[in-house]
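A.B. asks: Each chain, letter by letter, is given below.
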Amino acid sequence: MLFVVRGSILHRITPQLLCILLLSVLVVAFHGQLLHHKITLTAVPFSLVGVALAIFLGFRNSASYDRYWEARKLWGRLLTDARSAARLAVTMTDVATARPFVLGLAAFVHAARHQFRGRSGEDDLRRLLPAEVADEVLSRRFAAMAVLLWLSRWVREQRDAGRLDSVLAMQIDQSLTGLNDAYGGCERIAYTPLPFTYSVILHRTVYLYCLMLPFGLLDSIGVMTPLMVTFVAYTFFAIEALGDEIEEPFGTSPNDLALDAMSVNIEASVRELLGDRDLPAPLRPVDCVLT
Amino acid sequence: MLFVVRGSILHRITPQLLCILLLSVLVVAFHGQLLHHKITLTAVPFSLVGVALAIFLGFRNSASYDRYWEARKLWGRLLTDARSAARLAVTMTDVATARPFVLGLAAFVHAARHQFRGRSGEDDLRRLLPAEVADEVLSRRFAAMAVLLWLSRWVREQRDAGRLDSVLAMQIDQSLTGLNDAYGGCERIAYTPLPFTYSVILHRTVYLYCLMLPFGLLDSIGVMTPLMVTFVAYTFFAIEALGDEIEEPFGTSPNDLALDAMSVNIEASVRELLGDRDLPAPLRPVDCVLT
Amino acid sequence: MLFVVRGSILHRITPQLLCILLLSVLVVAFHGQLLHHKITLTAVPFSLVGVALAIFLGFRNSASYDRYWEARKLWGRLLTDARSAARLAVTMTDVATARPFVLGLAAFVHAARHQFRGRSGEDDLRRLLPAEVADEVLSRRFAAMAVLLWLSRWVREQRDAGRLDSVLAMQIDQSLTGLNDAYGGCERIAYTPLPFTYSVILHRTVYLYCLMLPFGLLDSIGVMTPLMVTFVAYTFFAIEALGDEIEEPFGTSPNDLALDAMSVNIEASVRELLGDRDLPAPLRPVDCVLT
Amino acid sequence: MLFVVRGSILHRITPQLLCILLLSVLVVAFHGQLLHHKITLTAVPFSLVGVALAIFLGFRNSASYDRYWEARKLWGRLLTDARSAARLAVTMTDVATARPFVLGLAAFVHAARHQFRGRSGEDDLRRLLPAEVADEVLSRRFAAMAVLLWLSRWVREQRDAGRLDSVLAMQIDQSLTGLNDAYGGCERIAYTPLPFTYSVILHRTVYLYCLMLPFGLLDSIGVMTPLMVTFVAYTFFAIEALGDEIEEPFGTSPNDLALDAMSVNIEASVRELLGDRDLPAPLRPVDCVLT
Amino acid sequence: MLFVVRGSILHRITPQLLCILLLSVLVVAFHGQLLHHKITLTAVPFSLVGVALAIFLGFRNSASYDRYWEARKLWGRLLTDARSAARLAVTMTDVATARPFVLGLAAFVHAARHQFRGRSGEDDLRRLLPAEVADEVLSRRFAAMAVLLWLSRWVREQRDAGRLDSVLAMQIDQSLTGLNDAYGGCERIAYTPLPFTYSVILHRTVYLYCLMLPFGLLDSIGVMTPLMVTFVAYTFFAIEALGDEIEEPFGTSPNDLALDAMSVNIEASVRELLGDRDLPAPLRPVDCVLT
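Protein chains in written order, with my numbering: chain F, 42 to 332; chain L, 42 to 332; chain S, 42 to 332; chain C, 42 to 332; chain A, 42 to 332.
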């Protein structure tokens with residue numbers, strides 16, 4: 042595992058690491074002197090600030106991962122609530138009546154996905170929704186909410202037609218409310234990043250720390266300084282870069298959530314409840330990465 | 042990112058950092074002597090207390106961030122429950138009947154926002170509520186609750202008018218209960234700060250630590266003392282100041298929640314469910330800060 | 042903030058700090074000798090045990106704070122569920138019918154508060170409940186539960202009288218169940234402390250550590266020993282004392298929850314839903330402390 | 042608090058501490074030589090491994106405490122859901138009809154308690170359940186579930202008898218579902234321990250660390266080695282032993298949950314809702330320990 | 042406990058430990074020289090990077106354990122919701138009518154289990170489901186969902202047959218929704234691993250650290266280097282290997298969840314509600330491991 046490339050974020054931090062390496066080599070070459078003045082640093086202040094640095098890196102890392110995992114949970118709730126709504130609709134009315142509703146559930150998920158990735162998603166919506174509904178939905182600012190409103194209207198129609206009583210209608214509606222809540226949670230994560238100041242403080246501290254470290258280690262480990270400084274810098278930079286990446290879990294970098302694959306899976310899952318057998322095939326990883 | 046100004050809280054801690062810097066320079070200039078007595082400090086006690094300090098700074102930081110994120114979640118619940126109530130009202134009655142109710146939901150959110158920011162919010166309430174309701178609401182101590190009571194009365198009226206049966210009425214009411222709970226949670230965060238003693242202990246420890254640190258580092262790093270002490274102090278002060286800021290997430294400092302923008306978004310979102318197309322425009326950041 | 046007194050717990054740990062200070066001065070005066078034998082301690086073992094100590098202090102601190110915040114959340118749920126029950130009762134019946142029920146909700150909160158603070162609360166119960174109900178309630182071991190049973194009976198009566206159907210009755214009852222759950226959660230926190238052994242281990246470790254520390258620092262920092270040892274001891278003792286205080290959040294020490302103020306606020310909030318304008322005034326802090 | 046015995050787990054780790062003390066004394070006596078070869082250890086590797094050790098002890102400790110507190114929450118839910126079910130049964134039917142149901146709720150709690158402590162609990166079940174029900178229940182593998190099934194049948198009977206309609210019946214049933222969930226959660230904690238490997242790794246690391254520590258400290262603190270090594274070992278062993286104890290919170294060691302006392306309290310609480318005044322007395326601590 | 046084999050993961054890391062040991066011995070033998078050049082490393086950089094390493098190992102470990110415990114909770118929810126559905130079905134209809142439904146609940150759990158372990162599970166499904174249902178289910182991509190759809194159809198049939206009204210039917214359906222949610226949660230954990238990059242960074246850091254450590258310790262502890270380096274490496278490798286193992290809790294390694302035993306237990310538990318006495322026997326551990 043020491044030499045794998047997949048999932049590595051080494052390529053993102055290579056320039057910085059090379060800078061640090063070069064600086065360390067220069068420090069060794071000039072014996073820690075800057076303009077003929079010896080920089081009198083030892084490892085002591087680095088050990089003082091290192092504990093704090095590690096704890097704050099740890100905090101940032103945990104906060105980023107919590108965002109990632111919460112986003113995954115919310116997307117999982119889209120799956121489970123879509124399945125519940127589809128199951129109830131199919132069971133409590135019949136397959137033919139429920140078909141547009143179930144396809145609409147898939148459309149809702151695709152609308153949410155395309156919104157978070159900044160795409161229009163017109164193809165998926167036109168494919169799954171009746172034409173006039175798709176037109177209406179695509180003209181709205183909150184497309185996914187418009188789909189949900191249309192799904193809610195379907196429930197109302199079944200109730201008016203006597204196919205569902207109020208109790209059953211409200212049970213189905215609870216799954217729609219679940220979809221609404223999960224979608225709102227995803228909006229929260231997508232549009233409220235971690236306070237930007239965290240990144241600024243951490244970034245500055247990590248870089249200053251690594252830039253001054255060669256002077257601090259030179260007297261105690263001599264020519265090994267470049268190696269160890271680069272090693273320390275790798276640890277800190279890599280964690281920081283990974284935090285940056287998973288902090289916005291709806292993006293398309295390699296460590297982000299595979300929204301496309303998950304949405305296709307949701308569509309397949311609810312369509313199978315209709316008895317369909319021509320389900321969309323699961324997406325396959327491209328270069329080990331699932332988008 | 043080393044030189045950005047946006048989101049930086051450097052300006053808040055500049056005076057303290059300059060004091061520390063000045064002190065360090067004096068310590069170097071006087072060779073660590075105070076009234077001709079050498080202050081015999083080494084880095085050892087700082088490393089003992091530094092671990093504890095970092096852990097407690099970490100705790101305070103996490104607790105502040107948890108408050109920030111919980112507040113964001115609660116405000117997100119205002120959005121999702123307002124949408125659910127609006128969607129149900131529009132679907133289960135009709136657009137014309139639901140209009141005052143849906144505008145009332147937006148009024149509820151604005152009332153909550155203005156309360157937490159210490160403003161009357163009369164404009165927004167008069168804009169969205171019928172005149173006599175606005176008068177009544179503005180004369181109350183808990184304005185948002187008065188709006189909610191009026192929304193609840195609307196549900197009762199629809200039920201008396203036969204447009205909703207009890208099951209549907211209670212389903213809508215559950216979203217109102219959700220709004221009530223989210224609002225109560227925001228009150229909790231707004232009016233119960235972190236125990237003040239935490240700030241006192243941390244503040245004292247951080248400042249004493251940084252004030253004595255120059256004496257502790259002088260013998261080992263000499264003229265580099267001011268640089269490193271300021272670096273250490275920057276790390277600690279910045280984290281402490283950021284914790285201070287996000288601990289009260291409903292304020293108006295740059296890292297607080299963008300309540301204004303989020304409330305306008307909620308209003309736009311529920312009004313679109315009425316079919317409106319003249320939605321309020323999303324707020325834009327001013328100097329990179331969204332309020 | 043370095044010199045504020047409010048919220049400081051310095052007064053609680055002053056005796057211990059003075060002991061440590063005195064001990065340190067003696068250690069310096071006798072050059073670390075005890076019965077003419079030099080105590081050969083260095084900072085090394087303190088740094089080994091210090092990391093563990095800081096982590097366990099951190100754990101205890103977090104666990105105490107979690108109890109504090111969970112208690113606050115539960116009390117907040119008393120507020121929100123009381124409001125929901127009051128709002129539903131007022132809307133679904135009428136103000137006159139709902140009045141005893143709404144006052145009973147306030148009585149429930151006061152009964153809970155007085156129980157956790159070890160007071161009878163007879164005044165508040167007699168003020169808010171009908172006389173014979175108050176007698177009955179006060180003769181019971183679980184007074185708050187007796188109030189809740191009476192509130193539940195009111196719901197039954199409205200249903201028998203045809204003012205509420207089963208669906209509405211059960212919706213109100215869900216808020217009563219919420220009150221029941223929040224009250225049960227408060228009992229859990231009030232009557233199950235942190236395992237006492239945690240305090241014992243921490244207390245012993247912190248005191249032994251600080252008692253031996255002067256010997257460990259003497260050789261490296263000489264006459265500065267008393268200052269630094271007292272500083273280290275202040276950090277550890279203060280965190281420990283604060284943990285002790287907020288671990289039992291229903292007490293009446295300055296950092297505990299302001300149960301009295303919050304209960305008055307709940308009463309005012311639910312009575313305003315009845316249209317009352319003679320609401321109880323919010324409590325004001327006495328010596329900066331709200332009880 | 043330095044000398045209390047209650048809640049101390051010193052007695053559990055005394056043998057190990059004495060071994061470590063003896064070893065340290067021998068190390069001092071033989072000047073750190075083993076078979077005339079000096080063991081050249083310094084504190085450096087201990088400080089490297091010490092940070093890791095402290096963090097993993099901290100993790101294990103937190104995980105154990107989380108299990109303890111989750112178990113307490115689940116048991117608290119048994120209390121609140123039993124009260125809710127009892128309150129609804131008493132209010133919505135009448136006291137005489139509800140009596141066997143309410144006693145059955147207490148029987149359910151006792152059945153769960155005895156199961157987790159490996160006792161049959163026949164006394165409590167025969168005391169609270171009708172004879173033929175008790176026979177049936179005691180012949181089952183999952184006794185508590187059999188009680189719950191019988192409680193559920195009572196609800197069905199009241200519905201068949203016209204005393205409850207479906208809505209009320211399902212409201213009561215939700216509390217039974219709550220009891221079911223809390224009981225299932227307790228089973229989860231009781232029958233799925235922490236992965237055993239954690240204990241193995243920690244145990245080995247802690248013991249090896251403490252066994253080698255005397256050699257590492259000898260050169261720097263000489264005759265104080267036994268004292269400091271025992272101090273370090275006390276901290277680590279005590280935390281480890283406490284983690285061991287509260288990891289299985291349903292046991293009967295002094296720091297485990299007071300299941301007996303809590304179950305008697307639940308019985309008293311639900312019986313008071315029947316109007317009973319001959320409630321079982323609260324259990325008193327024996328030797329400061331509540332079982 | 043120092044010498045147990047059960048639950049130990051020593052065997053998984055033995056090759057790596059032997060490599061490290063061999064390397065250390067070589068370093069001692071060659072006096073830390075590589076090609077006649079002395080590698081001038083001290084412990085200082087290791088202490089700098091060690092704190093960061095320990096914190097990230099701690100993070101990864103916590104994240105893995107959280108996945109493990111969340112998976113356990115979700116599986117526990119399968120148990121409780123299956124029991125609730127079975128209890129309601131048995132009580133609200135009758136034992137004979139409910140039998141296929143209750144066996145279907147067990148089939149759902151087995152289908153989920155076999156899916157997560159990559160087996161077809163045809164035996165269990167044919168044993169518990171009617172033949173034509175089993176055929177249908179086994180031809181589907183999401184077998185467990187097909188079972189759930191069939192369970193939902195049973196509820197519909199009882200309602201059509203007048204044995205359940207809508208309220209009761211929806212109460213049973215809520216348990217099915219609970220099963221659906223728990224199953225969806227398990228899919229989330231099974232198919233979304235921790236971001237792979239975490240493992241890569243940690244793996245690289247841990248191995249580089251341990252490979253360079255002998256050079257860093259040689260000068261200070263001499264011939265004890267191999268012992269201490271192996272000790273440090275054991276701690277780090279063991280935690281990393283355990284994290285790897287419990288990160289995928291549905292696997293079949295010794296520390297994974299005992300899905301087989303738990304599923305048999307769920308089947309026994311719901312079948313006992315039917316009055317069956319020929320329950321499947323609990324699985325027994327094989328070589329101390331329960332699968």
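Hints are computed from structural coordinates only; laboratory data are not their basis.
Predicted, not measured: the structure shown is a model, and the values here were computed from it.
You may find that some hints are simply not true.
Claimed, not checked - Straight-line alpha carbon distances no greater than 27 Å define the calculated BS3-like cross-link-like pairs of lysine-lysine that follow: (1) L:K79 to F:K114; (2) A:K79 to F:K114; (3) A:K79 to F:K79; (4) C:K79 to L:K114; (5) L:K114 to F:K79; (6) A:K79 to L:K114.
Claimed, not checked - Non-contacting residues of chain A with respect to chain C, defined by C-beta distances greater than 10 Å in every case (computed): (7) L62; (8) L64; (9) H72; (10) Q74; (11) T81; (12) R124; (13) V131; (14) G162; (15) E163; (16) A172; (17) R181; (18) R194; (19) D206; (20) Y232; (21) L254; (22) E289.
For each residue, glycine too, the CB sits at the ideal point set by N, CA and C.
A.B. asks: Could you let me know if the closest chain C CB is still more than 10 Å away from the CB of A:Y232?
C.D. replies: Non-interface label stands for A:Y232: nearest chain C Cβ at 22 Å, farther than 10 Å.
A.B. asks: Does the no-contact call for A:L62 survive, Cβ to all of chain C over 10 Å?
C.D. replies: holds (15 Å)
A.B. asks: Could you grab the alpha-carbon distance between C:K79 and L:K114 and see if it respects the 27 Å cut-off?
C.D. replies: Violated, at about 62 Å.
A.B. asks: Over 10 Å to the closest beta carbon of chain C is the bar; see if A:L254 clears it.
C.D. replies: Given that some Cβ of chain C is not farther than 10 Å from that of A:L254, nearest at about 8 Å, it is violated.
A.B. asks: Is the nearest CB of chain C more than 10 Å from the CB of A:E289?
C.D. replies: A:E289 is indeed farther than 10 Å from all Cβ atoms of chain C, at 13 Å.
A.B. asks: Going by Cβ atoms, does A:L64 stay more than 10 Å from chain C at every point?
C.D. replies: A:L64 clear of chain C: closest Cβ-Cβ about 16 Å, beyond 10 Å.
A.B. asks: For A:R124, is the shortest beta carbon distance to chain C beyond 10 Å?
C.D. replies: violated (6 Å)
A.B. asks: Please check whether the beta-carbon of A:V131 is more than 10 Å away from every beta-carbon in chain C.
C.D. replies: violated (7 Å)
A.B. asks: So if I understand the rule, the pair passes when the alpha-carbon distance is 27 Å or less; does A:K79 with F:K79 pass?
C.D. replies: Distance of about 25 Å is within 27 Å: holds.
A.B. asks: At 10 Å, judged by beta carbons, does A:E163 keep clear of chain C as stated?
C.D. replies: The claim holds: A:E163 sits with its nearest Cβ about 28 Å from chain C, beyond 10 Å.
A.B. asks: Is it true that the CA of L:K114 sits at most 27 Å from the CA of F:K79?
C.D. replies: violated (53 Å)
A.B. asks: Starting from A:K79, check that the Cα of L:K114 is at most 27 Å away, please.
C.D. replies: violated (58 Å)
Going through the hint list in order, the structure does not satisfy hints 1, 2, 4, 5, 6, 12, 13, 19 and 21.
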